[in-house]
Structures are given as C-alpha cells and as structure tokens.
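Participant: Sequence:
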Amino acid sequence: GEGGMDAANLLKPMLARGQLHCIGATTLAEYRKYIEKDAAFERRFQQVLVKEPTVAETISILRGLKERYEVHHGVTILDGAIVAAATLAARYITSRRLPDSAVDLIDEAAADVRVIRESQPEVLDNLERRLRQLEIEIHALQRETDPSSVQRMEEAKLEAANVKEELEPLKEHYEREKARSREIQEAKMKLEQLKNKRDEAERSNDLQTASDLTYYAIPD
Numbered sequence: 019g020e021g022g023m024d025a026a027n028l029l030k031p032m033l034a035r036g037q038l039h040c041i042g043a044t045t046l047a048e049y050r051k052y053i054e055k056d057a058a059f060e061r062r063f064q065q066v067l068v069k070e071p072t073v074a075e076t077i078s079i080l081r082g083l084k085e086r087y088e089v090h091h092g093v094t095i096l097d098g099a100i101v102a103a104a105t106l107a108a109r110y111i112t113s114r115r116l117p118d119s120a121v122d123l124i125d126e127a128a129a130d131v132r133v134i135r136e137s138q139p140e141v142l143d144n145l146e147r148r149l150r151q152l153e154i155e156i157h158a159l160q161r162e163t164d165p166s167s168v169q170r171m172e173e174a175k176l177e178a179a180n181v182k183e184e185l186e187p188l189k190e191h192y193e194r195e196k197a198r199s200r201e202i203q204e205a206k207m208k209l210e211q212l213k214n215k216r217d218e219a220e221r222s223n224d225l226q227t228a229s230d231l232t233y234y235a236i237p238d
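First residue of the sequence shown? That's 19 in this note's numbering, and the numbers climb one at a time after it.
Because the hints were derived from the structure by calculation, they are not lab data. Treat the hints with caution; some may be incorrect.
To be verified - Now the in silico label distances, taken between C-beta atoms and shown as ranges:
1) Q160 - K182: 17 to 23 angstroms
2) E153 - R200: 26 to 32 angstroms
3) R194 - Q160: 31 to 37 angstroms
4) A58 - I202: 49 to 55 angstroms
5) I79 - V131: 19 to 25 angstroms
Small disclaimer: the values here were computed from a predicted structure and weren't measured. No residue lacks a Cβ here, since even glycine has one placed at the ideal position from N, Cα and C.
Go ahead and model the full structure; you've got the sequences and the hints to work with.
Facilitator: Encoded structure:
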C-alpha cells in the first residue's frame, strides 16, 4: 500500500549508495504485489527462490526450535507432537506454507497447555465455591434463633469442615506443583540465556567466554 511505497522510497537511496544491506523474506505473491511494481526498488534486490520444506524437513526444523518454545511457554513438547504438527499442517492448512504453519501449531498448542496447566483444577474450583456458599449460609443463619435454623447452621458448619478437610491437601498439592513448574521454567530460561550468550561469544570470536560458558556454566 501507500505506507509500503513510502518505505521503499526511503530505502532506495541507501540501498543504491551501499549504506544499507537488506535481506528480506516474502512469498511470490507478495513480491509481485509490492516489489515488482517498483522497478527501481526491485533492481536493488537479488531473488533467491527457496522451496517449501518437506514434512520431514519441517520436523527437523521444529526439533531445532523445540527448546525455545518449551522455555517460552514452560511446557514439555514431545516428539510425537512435533511430527503431528508438521503432518497436520501440510495436510490441512493449505493456505499457509511449511514450516510457518507448523510452527504456529506448536506455538498455539503450547500456549493452550500453559493456560490449562496454570488454571486451577475444576475440583478445587468446585470445592472453594461450595465452601463460600456454606460460609455465606452460616453467616446468615447466625441471626436466626428458631430450632430448624439452628439445626441447619450446625449441619452447614459440619459440611464446611468436611469441605475444608478435603480442600486443603488438594490446594497444597496444586500450589507445590505450580511452584515446581515455575522453578523448572526459570531454570530452563536461565539455561537458554547462557546458551545464547555462548553463541554470541562464538560469533564474535570471544573464545574464552564461549569456553567458560560451555564447560563451567552450561550443564551437560
């Protein structure tokens, strides 16, 4: 659109003078729509046609990205999920290309798992809701003095005590698991950061830092 043409006009002088080196990725349809229309802009680029990866190649790509998405979402991605994502994306998401469509499937599925895992289990929700109802009922019955209300209040107190007895160990277990999951995610994030620092050190030829991180900071 107009914004794209404005951006092209800004880039053309810098590309022509060699002040800017640009690598872009797009589809053939988008290239024809936005680049080919401006011959002067198109001349500044060399086309490199990249074939869509096969399902097997996409599986390999996803395996390379697996750890990054595990760290980001705090989940464990099984190899079967990777194979399924690549296979199903190729079969059913025909409007998109691999590996992008398969990566999105993994990302969305991992996000859904994270939301479900971080949500309180239904059994806890039901018990907490029942306990609140009983506490409200007990509070209301405290004002009553007739025998049936007094009897009902005693029954409600007994039920509330039973609900609490059932709720507390479940709640403690849930909180422990939640804390453990958070600790694992934080450890994975720290490990990912160390690996990124090591990779950056290797790219900048800082071999001492790369060696220290590899042998003393990053666990086997």
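Participant: Compare the structure with each hint and give your call.
Facilitator: Taking the hints in turn, this is what the structure says about them:
1. Between Q160 and K182 the C-beta distance comes to about 18 angstroms, which sits within the given range of 17 to 23 angstroms.
2. Separation of E153 from R200 is about 30 angstroms and conforms to the stated range, judged on CB atoms against 26 to 32 angstroms.
3. A hinted range of 31 to 37 angstroms holds for the C-beta pair R194 and Q160, which are about 35 angstroms apart.
4. The hint said 49 to 55 angstroms for the Cβ distance between A58 and I202, and at roughly 54 angstroms that hint holds.
5. Separated by about 21 angstroms at the C-beta atoms, I79 and V131 satisfy the suggested range of 19 to 25 angstroms.
The earlier numbered hints are all upheld by this structure, with none contradicted.
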